[in-house]
Amino acid sequence: MNTKKSSNPPKTACWILHLLKHYEKEFAIVGDCSEEYKRIERERGRLIARMWIWGQVIRAVPSLLKRHVSIGGAMFRHYVTVGYRNIKRQKTYSFINIFGLGTGLACCILALFFIQDEFSYDRFHRNLDDIYGVKVVLTLPMGRASTDAHYTLGPTLADSFPEVAAATRVGKQNLAIKYRNRVFEQEGLAADPDFFRIFDFPLKEGSSDTAIDTPQSIVLSAAMAQKYFGKEEPLGRIMSLRIKDEDRIFQVTGILENIPSNSSLQFDYVINTRDVYGDTLDETAKPAHVALFVQLEKGCRAESLVGKFKDTIDSSLIEQWGEKSGHELYALAGYHLNDSMGAHVLEGKSNPNYSYILGGIGLLVLLIACFNFMNLSLGWASSRLKEIGMRKVLGARKKQFIRQFWFESLLINVLALVLGLGLAGFFIPTFNRLSGKIINLDPTEIGITAGILGGLILLVGIAVGSYPALVITKLPSVELFRGKLKLSMKNTFSRILIVFQFSISIFLIVSTVFLLKQHRFLLHQNLGYVYDQVLVIPFKNVSEDPERNKSAFSILKKNLLAHEGIQSVSGAQSGMTSYWMATFSEDKEGEQFISAYNHVGHDFIGTLGMNILKGRDFQKGNRSDVDQSVIVNELFVKKLGIEDPIGRKLSEFFDYPHDRTIIGVVQDFHFHSLHDEIMPAFIDIVSGESIESIFIKVRGDRLPLTIKAIRDEFNAVASHVPFSYTFLDEEIGRQYEKEERWSRLVTFASIFALLIACSGLFGLSLLIIVRRTKEIGIRKVLGASVSQIVQLVSRDFIWLILGANALAWPASYLLMAHILQNYPYRIGLAWWVFAAAGGIALLVAMMTIGFHAVKAVRSDPVQSLNYE
Amino acid sequence: MKELTVLEQIILSVIFNLKDGAYGVSVRQKVNEMIEKKLNYGTLYNALEQLLRKGLVTKTQGEPTPDRIGRPRIYYHLTPAGEKMLWKAYELQRTIWETIPDFVENRRS
Chain A
1 MNTKKSSNPP KTACWILHLL KHYEKEFAIV GDCSEEYKRI ERERGRLIAR
51 MWIWGQVIRA VPSLLKRHVS IGGAMFRHYV TVGYRNIKRQ KTYSFINIFG
101 LGTGLACCIL ALFFIQDEFS YDRFHRNLDD IYGVKVVLTL PMGRASTDAH
151 YTLGPTLADS FPEVAAATRV GKQNLAIKYR NRVFEQEGLA ADPDFFRIFD
201 FPLKEGSSDT AIDTPQSIVL SAAMAQKYFG KEEPLGRIMS LRIKDEDRIF
251 QVTGILENIP SNSSLQFDYV INTRDVYGDT LDETAKPAHV ALFVQLEKGC
301 RAESLVGKFK DTIDSSLIEQ WGEKSGHELY ALAGYHLNDS MGAHVLEGKS
351 NPNYSYILGG IGLLVLLIAC FNFMNLSLGW ASSRLKEIGM RKVLGARKKQ
401 FIRQFWFESL LINVLALVLG LGLAGFFIPT FNRLSGKIIN LDPTEIGITA
451 GILGGLILLV GIAVGSYPAL VITKLPSVEL FRGKLKLSMK NTFSRILIVF
501 QFSISIFLIV STVFLLKQHR FLLHQNLGYV YDQVLVIPFK NVSEDPERNK
551 SAFSILKKNL LAHEGIQSVS GAQSGMTSYW MATFSEDKEG EQFISAYNHV
601 GHDFIGTLGM NILKGRDFQK GNRSDVDQSV IVNELFVKKL GIEDPIGRKL
651 SEFFDYPHDR TIIGVVQDFH FHSLHDEIMP AFIDIVSGES IESIFIKVRG
701 DRLPLTIKAI RDEFNAVASH VPFSYTFLDE EIGRQYEKEE RWSRLVTFAS
751 IFALLIACSG LFGLSLLIIV RRTKEIGIRK VLGASVSQIV QLVSRDFIWL
801 ILGANALAWP ASYLLMAHIL QNYPYRIGLA WWVFAAAGGI ALLVAMMTIG
851 FHAVKAVRSD PVQSLNYE
Chain R
1001 MKELTVLEQI ILSVIFNLKD GAYGVSVRQK VNEMIEKKLN YGTLYNALEQ
1051 LLRKGLVTKT QGEPTPDRIG RPRIYYHLTP AGEKMLWKAY ELQRTIWETI
1101 PDFVENRRS
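For the protein sequence lines, the chains are A and R, in the order given.
Heads up: the first sequence begins at 1 in our numbering, then just goes up one per residue.
Heads up: the second sequence begins at 1001 in our numbering, then just goes up one per residue.
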């Protein structure tokens, strides 16, 4: 017999049955189903039982619903007809409502897509919950730092720990790959065969079990295969990869399916680690940026494995770095959005706050549209007071009114949803461009999206529809027949809604302006060096051997300088937009601090137009400048409190592996993006280090010719490496893509918000003016001027919008102050931006109202007095 | 009163047969034994509700058992009116078939 404890049937199933059977007080149906469920579970297992009960629920729905509908059906059809007629009769209001709600919903839908994409990262791995990255965490004087686990650890993990089902090292490779005459630099991975067992990257062709088992095999992405082979069959082709200064032959053994854009691992090919790093288990050689991933056995907890590390592989680390150091695991699930450790091979993380902000903006826009709806439907209702009065007299109850209004608002909402879906679909390409995402709808997620949207519509429809219903049912029927009720504007609630609408709009406008300003500020900030007309050429893969790299560089430099379009040439190990290396130093009080350093070529300071404040630049003829001299920045001098830095030795201050004499002080410059503060830094010329980026200062005229010349010279010294170049100012601009993206997104949102708010105001002022047609006519006859009448109608609104400013200013001030706090270099919150945003809102609102007012005033008073 | 539907006839006869033991599960089981099509609870309870409203059956509340997550069994009994309707249905059926004995004979053989 099955000894397993029997379970209760699923709660949801019971709940649905419950709901449907509301007229049967004892809920015997729930009891019956659960009794039978338990019997089936006992006899045939839980799965069958579950299937049975859901089958019952699904089949019960129509037959039980039939009763509801047959009773409510007649009324239902009546509501459809009346609702439809009303929408048709009141074209302006219907349009404003449907358009506003549609736009609001479109904003929400796009935000929802964005959020879904963010939260779907890496979900396509079936074993995602068991995949962990292994990192080494060290306790340093500066705090805790994490680094990749040692390369040699990888293959041993699965053997020595039963909890580890599979392990793979993953290193990022940037190799020049050649097939016939096609050479490109491609980014891919070197991994162990378990890579395809742990991660779900299915192969379109070839077998993922064996694809990288044999040495010199390569698996290509579909895009890369297309690029190299076009229509040819790629499988089995031979390509040559440049590894460690020699061309090695690889055979194509597999073609990958497209890698989803929501994968944290992005690559164009995979090869075996042995082909790149060799079989060596040499403890001292540690290839850079090789991450280690493990898949735990089902049911194993990461904590218990980390506990086991303490006594085994951690021992040497603890000895060297102290008790708090050792190997730790971080989950790949949630890596994308969590503030946890990561690895260099994984794509950048993203801040979940962006998802929340975007969702919030979408909801704000929708909220404005909802407020429109509530305000307008009141006005709208006042034009059908007779209908409502008639219903009341004929005995309609409050419940029925509410139901009717709900229904009508749902009708408009459904129409708005159709429009919203259309708009969202239309704007997806634009949105992708703005948000830097490729949104592709996962079919499994569509159910959730539909559910959320349906819920949203229902919620909005009911919330919005209740308000006019509640107001109207309170009115005495006699008043309704007189038709003289002024429902909107005199109503405090309506005023509050208008205030909120405009404060949201002003809030978004202020945020937009500050975000745009901050982005501009970052782009145009003086970086302490000149980046105009500087070409950057990657030189990394020319040779792994520093000697050969250096000699290739100096030949290239000499040849380039012969061209008249080229002003100056230099190079460095780290570029100006990548992180420099760092070392610890101690200041005069014994405090530790980090300083950055870079190995450069001659003319570095001249090419980038930096200013030497004291001392001198490196000189070409001076042999002692190589390997023995260093130029420091201002901050370095300040931090160490050196009185007279020139001629002092670095070894006096801290432990740097080579001794250097300070020969110059350079003005502070931003070698990192403006997201980070300037650090103490020094540069030196080292013979044993490679140049990985070349900087070429060009003259402005005849740029295409100069670039062609550079390409020719480059190919002459490094034909095995593909030539590519960027402009330094473009690279610097790219550091602030995120700011650009978000300021643009918010710009769009605030335009929509203001547009919808104004369309609401448009409708509302139309209502008011129609109601006051006679009054305006009389005033005109009695000699009121146009401006007096415009004033009369708009005075109320002006106060409301001024009130909205009072709300929006402090809110946006607080938010912007909070956001800008993240930037060490930031703009001030200028008062005029707030004033201008308020002014814009006021101006647009006045124009909207004025449009109607002027029209009313211009019309013939005889006609307006004839009205009714 | 309107004639009973076939489903109603079946349910009434099953309730009659089960005497004091006619509640949701047992009724559904017996009905399913009689007809080939499986009857689901939604349809069953709609029909039972209909019979209740017509006054052909009554219901009494039984004890809640642990199997039923706290819901009591609801037992159904035929009312005199129910028995009368069932009898009327029987008579109608019998009349129908007695008018065409040849058809019945031919089909049977």
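Hints in this document: simulated from the structure, not taken from any laboratory.
Do not rely on the hints blindly, as some may be mistaken.
Said to hold, decoys possible - Coverage of chain A stretches by chain R, computed from C-beta distances (three or more under 8 angstroms per stretch; other residues unrestricted):
{"id": "1", "stretch": "29-36"}
{"id": "2", "stretch": "123-136"}
To be verified - Pairs of lysine to any residue residues, derived as SDA-like cross-links and limited to a Cα-Cα distance of at most 25 angstroms, are as follows:
{"id": "3", "chain 1": "R", "residue 1": "K1054", "chain 2": "A", "residue 2": "P62"}
{"id": "4", "chain 1": "A", "residue 1": "K38", "chain 2": "R", "residue 2": "E1036"}
{"id": "5", "chain 1": "R", "residue 1": "K1030", "chain 2": "A", "residue 2": "R44"}
{"id": "6", "chain 1": "R", "residue 1": "K1030", "chain 2": "A", "residue 2": "P162"}
{"id": "7", "chain 1": "A", "residue 1": "K38", "chain 2": "R", "residue 2": "M1034"}
{"id": "8", "chain 1": "A", "residue 1": "K308", "chain 2": "A", "residue 2": "P162"}
{"id": "9", "chain 1": "A", "residue 1": "K11", "chain 2": "R", "residue 2": "G1070"}
{"id": "10", "chain 1": "A", "residue 1": "K38", "chain 2": "R", "residue 2": "D1020"}
{"id": "11", "chain 1": "A", "residue 1": "K38", "chain 2": "R", "residue 2": "Q1029"}
{"id": "12", "chain 1": "A", "residue 1": "K550", "chain 2": "A", "residue 2": "S687"}
{"id": "13", "chain 1": "R", "residue 1": "K1030", "chain 2": "A", "residue 2": "I58"}
{"id": "14", "chain 1": "A", "residue 1": "K172", "chain 2": "A", "residue 2": "I87"}
{"id": "15", "chain 1": "A", "residue 1": "K437", "chain 2": "A", "residue 2": "M341"}
Glycine included, each C-beta is placed from N, C-alpha and C at the ideal position.
Does the alpha-carbon distance linking K1054(R) and P62(A) stay inside the 25 angstroms limit?
-> 22 angstroms, holds
Given hint R44(A) paired with K1030(R) - CA-CA distance at most 25 angstroms | 20 angstroms, holds
Below or equal to 25 angstroms on CA atoms is what counts here, so check K11(A) against G1070(R).
-> 13 angstroms, holds
Taking 25 angstroms as the top limit, are the C-alpha atoms of K38(A) and Q1029(R) close enough?
-> Satisfied, since the Cα-Cα distance of roughly 15 angstroms is no more than 25 angstroms.
Decide if the proposed pair is consistent with the structure: K308(A) and P162(A), CA atoms, cutoff 25 angstroms inclusive.
-> The given pair, whose Cα atoms are some 11 angstroms apart, holds under the 25 angstroms limit.
Restraint check for K1030(R) with P162(A), where alpha carbons must lie at most 25 angstroms apart | 55 angstroms, violated
Restraint check for K550(A) with S687(A), where alpha carbons must lie at most 25 angstroms apart = The given pair, whose Cα atoms are some 8 angstroms apart, holds under the 25 angstroms limit.
Take the C-alpha atoms of K1030(R) and I58(A), compute the straight-line distance between them, and say whether it is at most 25 angstroms.
-> 22 angstroms, holds
Does D1020(R) lie within 25 angstroms of K38(A) when you go C-alpha to C-alpha?
-> 23 angstroms, holds
Is K38(A) within 25 angstroms of E1036(R), Cα to Cα?
-> 24 angstroms, holds
When you check the alpha-carbon spacing of K172(A) and I87(A), does it fall within 25 angstroms?
-> 60 angstroms, violated
For the pair supplied as a hint, K437(A) and M341(A), is the alpha-carbon distance within the 25 angstroms limit?
-> At roughly 23 angstroms apart (the allowed maximum being 25 angstroms), M341(A) and K437(A) satisfy the hint.
Hint compliance for this structure: hints 2, 6, 14 are not met, and every other hint is.
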